[in-house]
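Visitor: As a plain string of letters, each chain reads:
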Amino acid sequence: MKKTFRNILIASLFSGLLVSCSNDDDTQQETIEGFGDAELFFDNGMAGDALILGGSKTNSNNETLTVNRLNYIISNVVLIEEDGTEYVYPKNESYFIISQEGDMHTVHLENIPAGDYTQVRFGIGVDELRYLEGETAQQEFWDYAAANNMTWTWSTGYRFINFEGTFTSENNSEPLQFQVHQGSNSATDNYREVTLNLPTTARVRVDEMPNIHIIADANTIVDGTNKIVLSENLNTAGTNASIMGGENLILIAENTQQMFTVDHVHNGGGSHQH
Amino acid sequence: MKKLQQLFIAATAAMFLFASCSKDDGYSGIPEDRPFNFEIPSNFPAMAQDIGNNMPTENGVALGRKLFYENKLSRDNTISCSFCHEQAYAFTHHGHDLSHGIDNLLGIRNAPAVQNMTFQSEYFYDGASNGIQLLSIVPIHNPVEMDESLPSIAAKLAEDDAYVQLFQSAFDDGEISSSNMLNALAQFMTVMISADSKYDKYVRNEPDGNMTQQELDGLSLFQNKCSVCHATDLFTDSKFRNNGLPPNPNLNDLGRHVVTGFENDKYKFKVPSLRNVALTKPYMHDGRFGSLESVLDFYSSGVQETQNLDPILQQNNTLGIPLSEEEKQALIAFLKTLTDETFITNPLFYEQT
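Quick mapping for you: the protein sequence lines, in order, are chains A and G. If you read the first sequence in full-length UniProt numbering, its first letter stands for residue 1, the second for the next number, and so on. If you read the second sequence in full-length UniProt numbering, its first letter stands for residue 1, the second for the next number, and so on.
Hints were generated in silico from the structure; no laboratory data involved. Worth double-checking, as some hints may not be accurate.
Not the full set, but computed from the structure, chain G residues with beta-carbon under 8 Å of chain A [to be verified]:
hint, residue
1, H141
2, V144
3, G261
From a predicted model like this one, the values you see are computed outputs, not experimental measurements. In this text, a Cβ means the ideal position worked out from N, Cα and C, and glycines have one as well.
Just need the whole structure built from these sequences, with the hints factored in.
Guide: Here's what the structure looks like:
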């Protein structure tokens with residue numbers, strides 16, 4: 001019985017494949033209608049290498065970072081067609097958490113108008129408008145964020161990026177802890193958006209889900225256009241570099257605009273297999 | 001046997017609950033909700049909070065009040081909001097310079113008054129929140145105050161039939177959720193308006209608004225010397241300022257800097273409202289002064305040139321606000337006219353069981 005079921009499944013998968021292949025070969029002008037799904041896959045890296053929690057990498061500030069946590073909030077996703085037409089994903093559903101430790105890498109989007117998309121735009125963090133709308137509009141995103149270490153502990157704000165680990169530098173051969181908590185506060189709005197070009201058009205169809213494979217370079221957070229030297233940001237006891245406020249967050253906001261690149265787009269597939 | 005009895009009572013209560021859900025049967029176990037009637041005082045500035053998506057309703061306010069007095073908001077079910085915010089003292093922590101919290105831990109700040117909240121744009125001495133719907137998270141999460149999480153509170157409340165019923169009556173989705181809890185508390189705080197002091201009656205030309213000459217002298221001194229910061233009839237500009245208090249080395253509280261991380265925010269604290277100030281001793285962010293006399297003595301001769309001292313307190317090469325004894329007495333006489341007996345005795349804000 002079980003085997004029969006599996007056979008049917010395989011057969012139907014196979015026929016699905018054939019159908020979508022023949023679509024590609026279609027030379028006729030196709031009418032694009034209906035709605036489909038799309039996925040953004042966030043592949044976390046560290047200056048060209050894969051990000052491995054517990055692994056080390058020396059940056060251009062000559063500091064060696066061992067990353068133990070990388071979580072961030074992706075929001076307000078917009079898919080853009082070649083002619084500039086924008087599809088804005090419904091705001092209420094457009095807040096997501098990517099977490100290396102939680103193995104959460106995918107932003108799954110549903111009911112996207114079928115079309116050929118050439119750009120994607122998204123926010124890093126939570127926009128001020130959203131924050132000011134209060135808890136009602138945020139639904140239960142606060143609880144979700146709190147459960148994923150993405151809320152401040154001393155105020156009612158979100159952490160946009162939670163980047164933690166240890167580091168060594170010329171000044172400290174013994175590893176010291178670092179915590180980079182990017183976010184807005186009631187004084188500065190550090191929410192930023194990025195628009196990325198897709199190297200291949202992402203085809204959204206009723207039966208085709210494109211997967212946009214994005215590389216997120218965690219190294220850029222402190223080692224981007226702006227250089228933030230952790231050993232210059234130690235607490236008074238000299239035991240810990242905590243970057244959670246002030247000018248540094250504005251610099252990091254600028255860095256994170258260079259943090260994401262689209263590596264490739266998978267078309268026609270189901271869910272992403274890496 | 002007793003358990004059976006309880007079960008029977010619970011079952012009957014549940015039946016009533018179902019019966020009342022169909023609204024046309026003429027009987028309502030759950031009181032039908034209606035907008036909460038509250039007035040915006042004519043001498044107040046415009047609201048600083050957008051409450052459009054969370055307008056107070058009768059049932060929402062009743063739920064918010066119950067939550068305000070609810071010990072289950074803390075990890076070990078011992079601390080409610082009212083523990084540090086007592087009505088008789090304009091919702092401050094009477095007799096405590098610093099706030100007591102869970103496990104008998106001590107905070108680093110003096111509990112601020114809870115009043116006229118929707119008219120303010122920033123909350124807490126450091127601006128830890130600027131939204132009335134979210135601010136309750138701050139004491140709930142604080143490890144030395146309530147040390148709890150919203151989902152955990154929701155789970156505790158869901159075991160209580162009274163709450164199940166109240167949430168159903170107050171919100172469309174009827175759920176015991178984080179957002180509904182916060183919204184109910186926000187609705188309660190929205191209607192906690194204090195605007196019925198002798199001073200209010202005076203400025204609104206209402207009966208019983210006769211001020212003595214000394215009180216009037218105090219008012220005029222206040223307008224000249226204090227009202228830049230303690231602005232409007234809220235008596236605060238909701239801004240963060242360093243008033244030149246020597247920092248307490250045991251606390252080393254950096255104030256606004258804790259939230260923003262900016263060097264120029266060090267030692268700045270939110271300007272508190274002075275409404276009901278005669279009731280809210282001790283004073284200052286760390287409750288260091290036990291009387292209004294001490295506060296005025298400080299402004300008159302105790303202001304120190306610390307980092308980021310507000311420019312307004314260092315004019316004409318003079319630190320602080322020099323005051324004669326007579327002026328101090330007049331100011332205190334005026335400040336006492338800001339006491340609002342109606343507010344501190346209003347049964348609407350009592351714990352109701």
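Visitor: Against this structure, judge whether each hint is valid.
Guide: Hint by hint, here is what the structure shows:
no., hint, result
1, H141, "holds, 6 Å"
2, V144, "violated, 11 Å"
3, G261, "holds, 2 Å"
Hint 2 from the list above is the single one not met by this structure.
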